[in-house]
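These protein sequence lines map, in sequence, to chains A and B.
Per numbering that gives the first Met the number 0, the very first residue in the first sequence carries number 0; after that it's consecutive.
Per numbering that gives the first Met the number 0, the very first residue in the second sequence carries number 0; after that it's consecutive.
Treat the hints as calculated values from the structure; they're not laboratory data.
For every residue, glycine included, the Cβ atom is placed at its ideal position computed from N, Cα and C.
Be aware that one or more of the hints could be misleading.
[As the list claims (entries may be wrong)] Straight-line C-alpha distance at most 25 Å; calculated DSS-like pairs for lysine-lysine:
(1) Lys52/B x Lys70/A
(2) Lys78/B x Lys104/A
(3) Lys359/B x Lys52/B
[Said to hold, decoys possible] Partial chain A-side listing against chain B, Cβ under 10 Å, derived:
(4) Gly43
(5) Ser47
(6) Asn84
(7) Gly88
Listed below, chain by chain, are the residues.
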Amino acid sequence: MEKLILINNITKEYKMGKITVPALNGIDLEIAAGDFIAIMGPSGSGKSTLMHILGCLDTPTSGDYILNSEKVSAMKRNKLAAIRNREIGFVFQTFNLLPHLNIQKNVELPLMYSGLGKKQRIRQARKVLDEVGLSDRLRHKPSELSGGQRQRVAIARAIVNEPAIILADEPTGNLDTTSGNDILGIFSELHSQGHTIIIVTHDKAVADRADKVISLVDGLISNGNIS
Amino acid sequence: MAISLKENISIGFSDFWSRKIRSIVTITGIILGTMSIIVVLSLVNGINQQTLKWMMERGGLTKITVSRNWEYQSETDQKNYFTLKEFYLIRSLLPEAAYFTARISRNFETTYADNRFRSSVSGVLPDFKYIEDWDVSEGRFLSEFDLKNSTDVICIGSKVKEELFGNKQAVGQFITVADKRLRVIGVMEHRYMKGGNIGNENALSYMNRWCYIPLSTMINKIRNQDEIYSISLKSHTVEEASLLREKLEAIILNLRRNEPVFNIESAKEEAAQMEENAARFQLIFFLISAISLFVGGIVIMNIMLATIQERTREIGIRITVGARRRDIFLQFLVQTVVVTSLGGVLGIVFGLSILNLVGKYLDIQLIANGMMIGVALLVSAGVGLIFGISPAIKASKLNPVEALRYE
Ligand SMILES: Nc1ncnc2c1ncn2[C@@H]1O[C@H](COP(=O)(O)OP(=O)(O)OP(=O)(O)O)[C@@H](O)[C@H]1O
Ligand SMILES: [Mg+2]
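Chain B extracted, bound-state conformation (with noise of 0.2 Å):
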């Protein structure tokens, strides 16, 4: 005996049309909610997604990079840069490392007959560009010969060859870096990071104004001097990444009598710190979705219960023909459950159809999936189920001769 839930569900759609302009008032308070949910969560994933194509782009997961620490103020007079000899002392303790690599940049003015670049010139071993997973797109990369012999080459980026060599060919000419001649060897890949534009300029657009000479030949005839400020590695796998960098760690700190003079930063760690960040950042946000639909939810239950009212003798005359307690409490329960599942899918397909939009406002892009689109339409259905329950229970306890008797 009794209305199945479909039947129950039926009734309720077949209320909800019969009402339609109060149904969608009612709803819109749960149709904001479920929007704002979507739309947050989508956000919250986009720049996850974002920050972590960003971190694929400068090397991946694997990285490892060593730079100094600004906030660290010496007490005692610990270096802040490596020497020479104290790079290969760490790069021999770590065997284990995929690749390795010292850094010495500083700015020059790179000249090719009248044309003239600002670039940043930086002194690397052959690793880098397995490091940065950045090839040549001409010529070839430094190789370790050129760091024996700090031989006179270079490696240009895509706007520095654009700057100085227009559509000529780059690769075999000699450029002028810092008074000395330079041949250049190879061309970097043009870096650009799809959907990372930022105004005008792209994410990427930087490296694309940087060059490249073996470190040797930044040592020992441009800046005669071995003050390494960076230092860059690679484990093998995504796994041996945390404990490389403890040892990593452990090591530098050695050298330097425990004092944190370098920041020792590893992809993968900064990557779940970023998660975490980002769920905190959602947690937050969902919150603020949830006091929304709580909103929604009393004014949908308020509405419900000035609904039943008016359908007293509606509800009479079903306790009259034989509906039980239950008949009623379940279908005005269901009713409210339909009502604010309605208004979630209409949030939801707002929601979604708004991404784009918010994401251009906010040059961001917005990536939606099924998880959030699930837990949008539980939400909403659980609003309704919630705060369905008093008036369902109000219309299930009517006394049916005084329901009959209500105009």
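Only chain A is shown next, with the shape it has when bound in the complex (with noise of 0.2 Å):
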């Protein structure tokens, strides 16, 4: 089966004036259609960074990363661009909601980015804040939701525009043990609906559920698959 994601040998060091910081030394992955994939490690060991490039956000120093059998090194700014907007959704830690608009925009906001009709943007909008169980808040700033709601309202974002990949850093790290619970469960529910879901948490449980786990250890995988 042809794979979604497929990353060789990819490296990522940070330049800090004379100073170079390894953060990735030599990643290989393949992520499968419909994989539930968790990423696991101790600080520093290059998760985010490791997102940040499947994201289409970041390039590495090295090493090739081919989304849908394209290589991304090769896109031009604009296909990157669209490639954030229409086959990634990206859930972050601190949600990184506009706090001066309300969460129907907030939600609106990729679909804004697709050149998408005012009506059918708040259409869209609506339905999945209404799957998120938010439709009650169309209205409200982030800063008058409670952290679990605020992260249903980025998860929202995330899949307002129907990618194919779903990533999640650490999207519980803010929450407490219950609406942690509960976001979870919408990442599972999104997974069984058939999208690509790959999380970085520190949470063995969320690891249990994962097709598979990815261990980072100092920006190398430190063991293989775990079915």
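Fit the two chains together into the complex; they arrive one by one in their own frames, and the hints show the way.
Right, here's the structure in full:
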């Protein structure tokens, strides 16, 4: 079966003046469409760096990233923007909502960059907000919501354009156990709907649900597949 | 794909409102700049229109006047006046002129019974009333018969009438001027220029103190000499005025051996000159406004740069969900233009609302028009467009990962 994501000996170095900080030291990875992948590892091991590369927000120092049989490094900037817009949904630990927009507007944002008309945008945004159980909060600002609710808005925003891949970098890191479990439930649900999910987590329980767990240590994958 | 302009403008507005105080501070320079554009353009326009109105009041654009050139000092002894013969010669050489008059003026005390009034009495031709566009309000003006026969008649200004006769009938009465008894045959229309008050005196009120008698009466019975220092004429149309002036000048130079003893001025050419001067004046003030707008633009650019710094994270988020460089660039450029245009609109509104105040202070009516409003709007939007570019480029080039890490 054709792999959705192929990562080939990727490295990433950050240059800080004269010092170069290695963040990824040669990562190989294959992810099939529909996979539920958990990435684990200690702080500073390169999890976020890897996620940024997967999300086409950052470029590796060396190595290849092939997405949907296309070399990401060969893509033009606008193509990358289109991929971020349509193929990938990103969920962050800190939610990253726009504070001065209400939650419906926040969720409309990716559709705006897709060039969708206002009516359709509103319909789509309301639909996904309904799916995450927030249809009664459309006009609220993010600051008026709890952490769990904010993360649900962020998920709604990530899925509103129906991307194949959902990337979540410690989505429950800022949440208490109960709301964290709610959020994880949503990811399971999305997985069962066919989304490919890649989630960075410290939670063993999450890892147990995953098809595959990738352990990162010092920018390297430390073990193979766990079924 | 991408965000439409309309959408960008609405983002620009909501950004503006969510940062009201800063936005207002940001656009102060633009407000002042556009305000000064409106005020200065209206002022120059007002002055222009006032001068034009003045010219219309004084006979219109077809009028040509000959008067002594006070800067000319004769080395040869060219006469600085015309004799009556010369005047008629000049007139006969310019049959295309519509109206012609010579004028000899002198100050005299006019008396009626016990009332006295010092007036300027002019000997003129009947054409005078057409040249000045000024008729009598009672009685009649001087006629060809009066001129031919040097009749002892006089037309008096409204002020002269008021001072000598009060409310009594003036036409038909005799007044004394330089020991001569003259019959009042007409009272001139009262002259008053709307909006033309200088202090508490109207710009035209001096005319109401004048009196008119036939030129022949002045020459033969009062002055006993025919030194004519001033000639006025009119062409049939405004288009003909320049040519008529040129011909007149050639004739007069010929009479005075090419010495510039006289000034020959055409109202039309003066109006053109005046408009040219006003345009120059306007340009200078426009440059001053431009400097204040430039400073305003620099201020806005810096505030936008600071705003973008503050909104780094937002930019990172927008890039994450699919914004292209162009989208970010346009978002901030449009926002800057929205901000400066709003400043422009406020500047225009404030500018228009203080026009009357400034006008009262300077005692000149300031007249705005749509063109000025358009210019002010374009200029304010243009400032945003120019000074918004560099912040917008900076925003569009942010690295998304670093932008997302920004606290
Ligand atoms: N912009 C940067 N500049 C310099 N070094 C960086 C930068 N981003 C990450 N690093 C370094 O790269 C390494 C990997 O960082 P990364 O954020 O990927 O770790 P992580 O596994 O996500 O950690 P955490 O669990 O704390 O989020 C770290 O040593 C970090 O200091
Ligand atoms: Mg991390």
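Review point. Looking back at the hints listed earlier, which ones does the structure fail to meet?
Key: The structure conflicts with hints 1, 2 and 4, although it agrees with all the remaining ones.
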